[in-house]
Every structure is written in structure tokens, then in C-alpha cells.
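Q: Sequence:
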Amino acid sequence: MAEKAKAKKEEIIKNDSKIVAKEVKEKKIESEKVEAKKEETKKAEPKKEEVKKDTKKVKAKKKYIPKVKKENKKKSKEAYELMKKLKLKKKHPVFRGRFGKKNIRRKSIAKWDKWRFPRGIDLDKGIEHGMQPRIGYRSQKEIRGVHPSGYKEVLVCNLNDLEKVNVKVQAVRFSATIGKKKKNELVKKANEMGAWILN
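Quick note on the numbering used here: the sequence shown kicks off at -7 and runs consecutively.
Since the hints were derived computationally from the structure, they do not count as laboratory data.
Hints should not be assumed to be uniformly reliable.
Claimed, not checked - Pair by pair, the computed Cβ-Cβ distance ranges are:
hint: 1; residue 1: Leu147; residue 2: Lys55; range: 34 to 40 Å
hint: 2; residue 1: Tyr72; residue 2: Gly171; range: 22 to 28 Å
hint: 3; residue 1: Val60; residue 2: Leu147; range: 58 to 64 Å
hint: 4; residue 1: Lys53; residue 2: Lys81; range: 33 to 39 Å
hint: 5; residue 1: Leu147; residue 2: Asn176; range: 14 to 20 Å
hint: 6; residue 1: Cys149; residue 2: Lys59; range: 18 to 24 Å
hint: 7; residue 1: Leu151; residue 2: Lys53; range: 26 to 32 Å
hint: 8; residue 1: Trp104; residue 2: Lys160; range: 34 to 40 Å
hint: 9; residue 1: Ile135; residue 2: Lys53; range: 46 to 52 Å
hint: 10; residue 1: Lys160; residue 2: Asn191; range: 18 to 24 Å
hint: 11; residue 1: Lys99; residue 2: Lys54; range: 24 to 30 Å
hint: 12; residue 1: Val50; residue 2: Cys149; range: 34 to 40 Å
Said to hold, decoys possible - Straight-line alpha carbon distances no greater than 25 Å define the calculated DSS-like cross-link-like pairs of lysine-lysine that follow:
hint: 13; residue 1: Lys30; residue 2: Lys17
hint: 14; residue 1: Lys62; residue 2: Lys160
hint: 15; residue 1: Lys103; residue 2: Lys82
By construction, the Cβ of each residue, glycine as well, lies at the ideal position given by its N, Cα and C atoms.
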């Protein structure tokens, strides 16, 4: 009895495997047919030409304004004299006004480029070690606030400011807020006056 049952089971398994194999073959054939049809339709359809759209916006061209060149003429005698005095200023020693934190309190930063007398007990400079300024080290009154060119700077924003400039002693620095067109007009006027232009 047991042998007959085993034989029946084996037959059933064989039949099932044959059926499964047939189904797999049929599915493969169907998928191949579908792919072949797709390829035929692709070949038959004409290719559509892709039209590229111009998405770039056309910018309106700005009107070109030529730059007027500055004409720096010969310096006045007063300016030359001040330049000579400014050279003597370089011989003065540099006094650093704030102590400790050398990297943070640099001389290049305006806030820390001021003399303050050191009053701390624990500071070396407080006990008068190192250089300290004495009376007579201040620069001359004529030289203070003078540009290295030998002129005193005057900020100019419009024609009224430019007309007030004393050409012999003062140099012109135009404001950064002025446009190119207005600056050209001011430069022409300054050239006519014979003013020294710094920028």
C-alpha cells in the first residue's frame, strides 16, 4: 500500500511540473510578441522634431557713458611744504594705546588706535617699562588731517560743495554715492578749476 501511495505522489508531482513549464513558456512567448509589436510601432511612427524654446529674457542695454579722466596739474607751493613736513612725521615712534590681547587690539582698527594711559599695577607699562609718550610728541597743527599728497581732503557731493573748495590747500574726494553721469560733470568742473582729485 505504501509503495502505491508513493508512486501516485510522484506522478502528481511530474504532472504539476509539466503544467508549470507549459505556463512559463506561454508567458515568455506572449511577452516576446508584445515587445515585437512595440518595436514595430516605434519604427512606423515618424520622429517628432523637438522645438527648443528661448527661455532667456532679453535685457535692455544700458547707455554707455564714457569716463572723464582727471587732470592733476602741478601742486601748489603750500602742498609741497606740507609734504616735506609729513616726511618728518614718520620718524616719530609708534605708541600703542591698549595693552594685552595684541591680536584683537590691533593698531589697524580705529577703536584701538587711541592712546590710553596704563594705570594697572600688574601691567609692565603701568610701571613705566617700555616707551610712553611725553609732551612734544604730538604732530604739528598744520600737518594734522593732511593727505600724503600735501592737501587737506574735502568730501564733494555736488557742484555747490565743489565751488567752496580752496584749490591751493584742499584736494577733492568725490562721494561714493554719486553716479557716473554726475561724477563726470564734477570732474570736468574740477579740471577747469585746477583742483587736485584724489579718487
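Q: Holds or violated: the 58 to 64 Å window for the beta-carbon distance between Val60 and Leu147?
A: violated, 19 Å
Q: Okay, Trp104 versus Lys160 on CB: inside 34 to 40 Å?
A: Given a distance of about 36 Å, which is inside 34 to 40 Å, the answer is holds.
Q: Quick one, are Lys30 and Lys17 close enough, alpha carbons at most 25 Å?
A: holds, 20 Å
Q: If you check the beta carbons of Ile135 and Lys53, does the distance land in 46 to 52 Å?
A: Holds - the Cβ-Cβ distance for Ile135 and Lys53, about 49 Å, lies within 46 to 52 Å.
Q: Determine whether the Cβ-Cβ distance between Leu147 and Lys55 falls within the hinted range of 34 to 40 Å.
A: violated, 28 Å
Q: Given the hint of 22 to 28 Å, check if Tyr72 and Gly171 actually sit that far apart at their C-beta atoms.
A: Cβ of Tyr72 to Cβ of Gly171: about 34 Å, so the range 22 to 28 Å is violated.
Q: Holds or violated: Lys62 and Lys160, Cα atoms, limit 25 Å.
A: Given that 25 Å is the threshold and the Cα spacing comes to 17 Å, the pair holds.
Q: Holds or violated: Lys103 with Lys82, Cα cutoff 25 Å?
A: With a Cα-Cα distance of about 22 Å, the restraint between Lys103 and Lys82 holds, given a limit of 25 Å.
Q: 14 to 20 Å was suggested as the range; check whether the CB atoms of Leu147 and Asn176 agree with it.
A: holds, 18 Å
Q: Take the C-beta atom of Leu151 and the C-beta atom of Lys53, compute their distance, and say whether it sits inside 26 to 32 Å.
A: holds, 30 Å
Q: Could you say whether the range 33 to 39 Å given as a hint is met by the Cβ separation of Lys53 and Lys81?
A: Hint violated: Cβ distance 50 Å, outside 33 to 39 Å.
Q: Take a look at whether the Cβ-Cβ distance between Cys149 and Lys59 falls inside 18 to 24 Å.
A: holds, 19 Å
In this structure, the earlier hints numbered 1, 2, 3, 4 and 11 are contradicted, and the remaining ones agree with it.
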